[in-house]
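Q: Residue numbers (our numbering), protein chains in the order written: chain D, 7 to 273; chain L, 7 to 273; chain V, 7 to 273; chain Y, 7 to 273.
Honestly, the hints are just simulated from the structure, not real lab data. Some clues are possibly wrong.
Simulated crosslink set (SDA-like; lysine to any residue; CA at most 20 Å straight-line) [to be verified]: (1) Y/K122 / D/K120; (2) D/K120 / Y/P65; (3) Y/K121 / D/E268; (4) L/K210 / V/H66; (5) L/K120 / L/K210; (6) V/K271 / Y/R26; (7) D/K210 / Y/R269; (8) V/K122 / L/E81; (9) L/K210 / V/M19; (10) L/K210 / V/K69; (11) V/K122 / L/E78; (12) D/K210 / Y/E268; (13) L/K122 / V/S74; (14) L/K107 / D/E268; (15) V/K210 / L/K120; (16) Y/K107 / V/M19; (17) Y/K69 / V/D223; (18) V/K120 / L/E81; (19) D/K120 / D/T46; (20) V/K210 / L/E165; (21) D/K107 / L/E268; (22) V/K69 / Y/E268; (23) V/K107 / Y/R269; (24) L/K210 / V/S74; (25) V/K107 / V/L131; (26) L/K69 / D/R75; (27) V/K271 / Y/P65.
Number of protein chains: 4
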Amino acid sequence: MTQDPSGTPMPDMQATPDRREIAIDRVGVREVVYPIRLRTREGGEQGSVANVSMYVALPHTQKGTHMSRFIEVLEAHACEPITPEMFPGIARAIRDRLNAKEAHIEASFTYFMKKKAPVTGIESLMDYEVTFACTANGEDDFIMTVAAPATSLCPCSKEISAYGAHNQRCEITASVRFEGTMWIEDLVEICERASSLEVFALLKRPDEKYVTEHAYDNPKFVEDIVRDLAISLNDDARVTWYAISSENFESIHSHNAYAQLERNKRG
Amino acid sequence: MTQDPSGTPMPDMQATPDRREIAIDRVGVREVVYPIRLRTREGGEQGSVANVSMYVALPHTQKGTHMSRFIEVLEAHACEPITPEMFPGIARAIRDRLNAKEAHIEASFTYFMKKKAPVTGIESLMDYEVTFACTANGEDDFIMTVAAPATSLCPCSKEISAYGAHNQRCEITASVRFEGTMWIEDLVEICERASSLEVFALLKRPDEKYVTEHAYDNPKFVEDIVRDLAISLNDDARVTWYAISSENFESIHSHNAYAQLERNKRG
Amino acid sequence: MTQDPSGTPMPDMQATPDRREIAIDRVGVREVVYPIRLRTREGGEQGSVANVSMYVALPHTQKGTHMSRFIEVLEAHACEPITPEMFPGIARAIRDRLNAKEAHIEASFTYFMKKKAPVTGIESLMDYEVTFACTANGEDDFIMTVAAPATSLCPCSKEISAYGAHNQRCEITASVRFEGTMWIEDLVEICERASSLEVFALLKRPDEKYVTEHAYDNPKFVEDIVRDLAISLNDDARVTWYAISSENFESIHSHNAYAQLERNKRG
Amino acid sequence: MTQDPSGTPMPDMQATPDRREIAIDRVGVREVVYPIRLRTREGGEQGSVANVSMYVALPHTQKGTHMSRFIEVLEAHACEPITPEMFPGIARAIRDRLNAKEAHIEASFTYFMKKKAPVTGIESLMDYEVTFACTANGEDDFIMTVAAPATSLCPCSKEISAYGAHNQRCEITASVRFEGTMWIEDLVEICERASSLEVFALLKRPDEKYVTEHAYDNPKFVEDIVRDLAISLNDDARVTWYAISSENFESIHSHNAYAQLERNKRG
Chain D
7 MTQDPSGTPM PDMQATPDRR EIAIDRVGVR EVVYPIRLRT REGGEQGSVA NVSMYVALPH
67 TQKGTHMSRF IEVLEAHACE PITPEMFPGI ARAIRDRLNA KEAHIEASFT YFMKKKAPVT
127 GIESLMDYEV TFACTANGED DFIMTVAAPA TSLCPCSKEI SAYGAHNQRC EITASVRFEG
187 TMWIEDLVEI CERASSLEVF ALLKRPDEKY VTEHAYDNPK FVEDIVRDLA ISLNDDARVT
247 WYAISSENFE SIHSHNAYAQ LERNKRG
Chain L
7 MTQDPSGTPM PDMQATPDRR EIAIDRVGVR EVVYPIRLRT REGGEQGSVA NVSMYVALPH
67 TQKGTHMSRF IEVLEAHACE PITPEMFPGI ARAIRDRLNA KEAHIEASFT YFMKKKAPVT
127 GIESLMDYEV TFACTANGED DFIMTVAAPA TSLCPCSKEI SAYGAHNQRC EITASVRFEG
187 TMWIEDLVEI CERASSLEVF ALLKRPDEKY VTEHAYDNPK FVEDIVRDLA ISLNDDARVT
247 WYAISSENFE SIHSHNAYAQ LERNKRG
Chain V
7 MTQDPSGTPM PDMQATPDRR EIAIDRVGVR EVVYPIRLRT REGGEQGSVA NVSMYVALPH
67 TQKGTHMSRF IEVLEAHACE PITPEMFPGI ARAIRDRLNA KEAHIEASFT YFMKKKAPVT
127 GIESLMDYEV TFACTANGED DFIMTVAAPA TSLCPCSKEI SAYGAHNQRC EITASVRFEG
187 TMWIEDLVEI CERASSLEVF ALLKRPDEKY VTEHAYDNPK FVEDIVRDLA ISLNDDARVT
247 WYAISSENFE SIHSHNAYAQ LERNKRG
Chain Y
7 MTQDPSGTPM PDMQATPDRR EIAIDRVGVR EVVYPIRLRT REGGEQGSVA NVSMYVALPH
67 TQKGTHMSRF IEVLEAHACE PITPEMFPGI ARAIRDRLNA KEAHIEASFT YFMKKKAPVT
127 GIESLMDYEV TFACTANGED DFIMTVAAPA TSLCPCSKEI SAYGAHNQRC EITASVRFEG
187 TMWIEDLVEI CERASSLEVF ALLKRPDEKY VTEHAYDNPK FVEDIVRDLA ISLNDDARVT
247 WYAISSENFE SIHSHNAYAQ LERNKRG
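With the rest of the complex left out, here is chain D (with noise of 0.2 Å):
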């Protein structure tokens, strides 16, 4: 038992007994920002600042749970940079540092990646939210998200306009289970391609004429991004389950188009 520092023995108020028969899916922490450090694909690493949730299975019979020890947790795999493999191993951890069934953890940070501009080849850093969760009860399962902004361009107004086609800015999100490896970058760029054009933090004019016209030759609805994103992840053998979006954010509208779609391809 713990004692203050006079030496009085304190109270373990979450061990304690509880008779309302009530489990709790999930009780823990959320909202911890934390430093991440994540291998690249091309072998560096790379830093960021990642808001974390850490939950247990609480049985019916015990108060609480014990907060603090998320946090000891967190402190102890700080030090080495994460690969998405190595999520499983710290929910485990998680799992048994506070003696529960089932444990959860969540991980959303930016991760940046180069890109050459499409003519000049003139570098620049663009930023994505990814988000690592794992849930460790037996089995562990691993989702890994990725949010990538693009283009879309309606062909629509494409088609019915003298000249001209309202385009704009969208969100593609995708979520996957897979097999074996796939990194950040993997995902991200599959995301990319099934939009109207990539977007680049960095373009000069032959760029800017190069994205301009490439986006007008591949006009794409909301509904055909989440088809086209299927496709490549139906094609893709490391997923075994996804969950994909695309949200549009409208020029010609203050509101958004959006489409989404799940599948469990071992189903």
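Starting from the known structure of chain D, arrange chains L, V and Y on it as the hints suggest.
A: What follows is chains L, V and Y alone, placed relative to chain D:
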């Protein structure tokens, strides 16, 4: 076929056939901001501003849905004050107007309830975030969600400290499927009773003394809040399914404590 | 002196003298969510939900302000539909109720305007974010701010490309001090006219053809939008001061283009 | 003049003259997400992710600025760890690269500090939001802002109640202009000392007893926090100007208490 102003027929790109053989779970519009009027439990009505999403399922044979029709349905229903019971009818109207097998509508809005301060009885308005979500697919599936701010006071901090106890604002959410009549007000009150203390917009000093002492007399972990809320919903014969959570914005940390629980009473 | 329910006098901590000799510019309440009713230009009224902040200046001699009185003032004014012209009166009421030399109120809310599609004339509601801010300190200083979504089409992209032009949603904001009567509707229309194209909630195909071609015929840099808006406000005799901006959510980048400009016409 | 890939010269629209005679205060890019490295007070360094805005003043004679050059400057400076003292040099580089009279850069990022729990001494990382803003216009004007979460405990609630006192998380912000060397860590510590209690990511039970009692022994209104912070900054000879605030997320209300104060010590 639609004609342009000069009389030229305009092609309907969305209605063209699609050969990719990929059905889409949900396609539609998001972030549509629209006025809504609600009927209150006391027999009055109040206006609010809703953030609306509307989707349909798209068969694999059709290239696209007609986004403008969602807005037309909304326009047609905006003239009357809405109760939870009316939402399935709106979802069915979307399904019919878009020729879909399944349609979904979600509307989130601020809802006000008049509350009396516990000692002085002085009245003020409290605001709650409410969401109505309905899927029409043969059976109508309606879910009402409320988010109620409240106070939580830590039992461990109270027990181990010579005086004082850390407390903080928390947000309690409850999503329910139910039979018969359940008002927003009913579900908010159920949520608030599960906390250490309900909160008020306006308290005079005698009220502040009361609420301070009342919270200290009623300590609750985040686990206690969801369990006590589960007991109330288990005992409420109208409720057939619920998903509940509490997020406590810990005053001694910069992260939050969180617990969640889902139960199908029919399961 | 306030008494508690047993008749014991309760001390008024806030009214005790303070010896630190530090006056406070603004002290009060934020994130107060409250219903608001607005009078429209056409002579009707509409309800909305406001996010309200209220502050007073606190002299160096006083320990604290009485936060509950802000809410009491709000309760007293919530019963009537408000126009911009009425806000100085509310600010003065706060100043008097709190015995302050200076009082400030800000209220941000969604405001709806009915718009006709440009070809079919079909009607729908567009939503705008509006803020009324007023400081009462002897002279009443009132500022009205509107944020209007619109389309911008890039002149450079149009000029250098064989076909097409990137375009995107932008948000144009204008804050004005004015004399006489200026409706929310007036300022929104001034903002929209400075864009490549105003946006609509509901467009049928003939409308979509029109807006696509109209935007292509009317390319504007973010710099052009704020300059054309500045010219309109320079020419409007009611306006005595303005601060304007446009933020363009570039469809070819994941970052935004932005321009801002402030001018005191009396200066 | 830039040429397209076929050798055709491409017009520079931005460089064309403008006849509207309206200068623009700030034009540039926002929401640029970029990696940043910071030098720490202890002599180490840490990586983070910055949200960057960069602007220049545009003379009335010029149609537009060259947005891509902002990103080029950022690329050129991203290779070295940054301290507050280096920001004026970056602002001047933007001004020179864009041929402007005045340039402005702002970068907001999460910064971590290692803290020891008050009794057990166990270490954990706390996260703070930091902003560096610099305007180069002949004189360099640099402002450092930190936002520190903390606890506030209500003196009125403590005084009038038989036991307990409502307390809550608050966010204390301080923006300073200074001379000489001031580390992020210095300003964070000054902010935290003005609260009822600093917060920690990791506390064991003896720590929780300590912080609970310490906050109860140290009650502060939102007014007290900004006044005590003002006294510290008045006494700090490095600080020449400050703007400070505290926002208390009241545990007994759903709205926040707020105080702010600005002072030019040179004024």
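Q: Hint by hint, note whether the structure agrees.
A: Structure-based check of each hint:
1. With a C-alpha separation of about 38 Å, the suggested pair Y/K122 and D/K120 falls outside the 20 Å cut-off, and the hint is violated.
2. At most 20 Å may separate the alpha-carbon atoms for a hinted pair to count; D/K120 and Y/P65 exceed this at roughly 34 Å.
3. For a cut-off of 20 Å, the pair hint linking Y/K121 to D/E268 is broken: about 44 Å separates their Cα positions.
4. Distance check on the hinted pair: L/K210 and V/H66 sit about 24 Å apart at the alpha-carbon level, beyond 20 Å; violated.
5. Simply put, L/K120 and L/K210 have alpha-carbon atoms about 16 Å apart, close enough for the 20 Å limit, and the pair holds.
6. The hinted pair formed by V/K271 and Y/R26 meets the criterion: a straight-line CA distance of about 17 Å does not exceed 20 Å.
7. A distance of roughly 44 Å separates the Cα atoms of D/K210 and Y/R269; the hinted pair therefore is violated under the 20 Å criterion.
8. Of the supplied pair hints, the one linking V/K122 and L/E81 holds, its CA atoms being roughly 13 Å apart against a limit of 20 Å.
9. Taking the CA atoms of L/K210 and V/M19, the gap is near 13 Å; set against the 20 Å cutoff, the hint holds.
10. For the suggested pair L/K210 and V/K69, the alpha carbons sit about 18 Å apart, so the restraint of at most 20 Å is met.
11. A C-alpha spacing of about 13 Å is found between V/K122 and L/E78, which places the hinted pair at or below 20 Å, so the restraint holds.
12. A hinted pair counts as satisfied when its Cα atoms are at most 20 Å apart, and D/K210 with Y/E268 does not qualify at roughly 43 Å.
13. For the hint pairing L/K122 with V/S74, the CA-to-CA distance comes to about 14 Å; that is within 20 Å, so the pair holds.
14. For a cut-off of 20 Å, the pair hint linking L/K107 to D/E268 stands: about 17 Å separates their Cα positions.
15. Simply put, V/K210 and L/K120 have alpha-carbon atoms about 43 Å apart, too far for the 20 Å limit, and the pair is violated.
16. A C-alpha spacing of about 52 Å is found between Y/K107 and V/M19, which places the hinted pair above 20 Å, so the restraint is violated.
17. Proximity of Y/K69 to V/D223 is assessed by CA-CA distance (about 18 Å); at most 20 Å being required, the pair is judged to hold.
18. This hinted pair checks out: V/K120 and L/E81 have alpha carbons roughly 11 Å apart, not beyond 20 Å.
19. For the suggested pair D/K120 and D/T46, the alpha carbons sit about 11 Å apart, so the restraint of at most 20 Å is met.
20. Between V/K210 and L/E165 the alpha-carbon distance is near 65 Å, which puts this suggested pair outside the 20 Å criterion.
21. Pair hint D/K107 plus L/E268 holds up; C-alpha atoms about 17 Å apart against a cutoff of 20 Å.
22. Between V/K69 and Y/E268 the CA atoms are separated by roughly 18 Å; this keeps the pair inside 20 Å, and the hint holds.
23. For a cut-off of 20 Å, the pair hint linking V/K107 to Y/R269 stands: about 19 Å separates their Cα positions.
24. Restraint check: the Cα-Cα separation between L/K210 and V/S74 comes to about 7 Å, which is no more than 20 Å; the hinted pair holds.
25. For the hint pairing V/K107 with V/L131, the CA-to-CA distance comes to about 41 Å; that exceeds 20 Å, so the pair is violated.
26. Simply put, L/K69 and D/R75 have alpha-carbon atoms about 51 Å apart, too far for the 20 Å limit, and the pair is violated.
27. For the suggested pair V/K271 and Y/P65, the alpha carbons sit about 19 Å apart, so the restraint of at most 20 Å is met.
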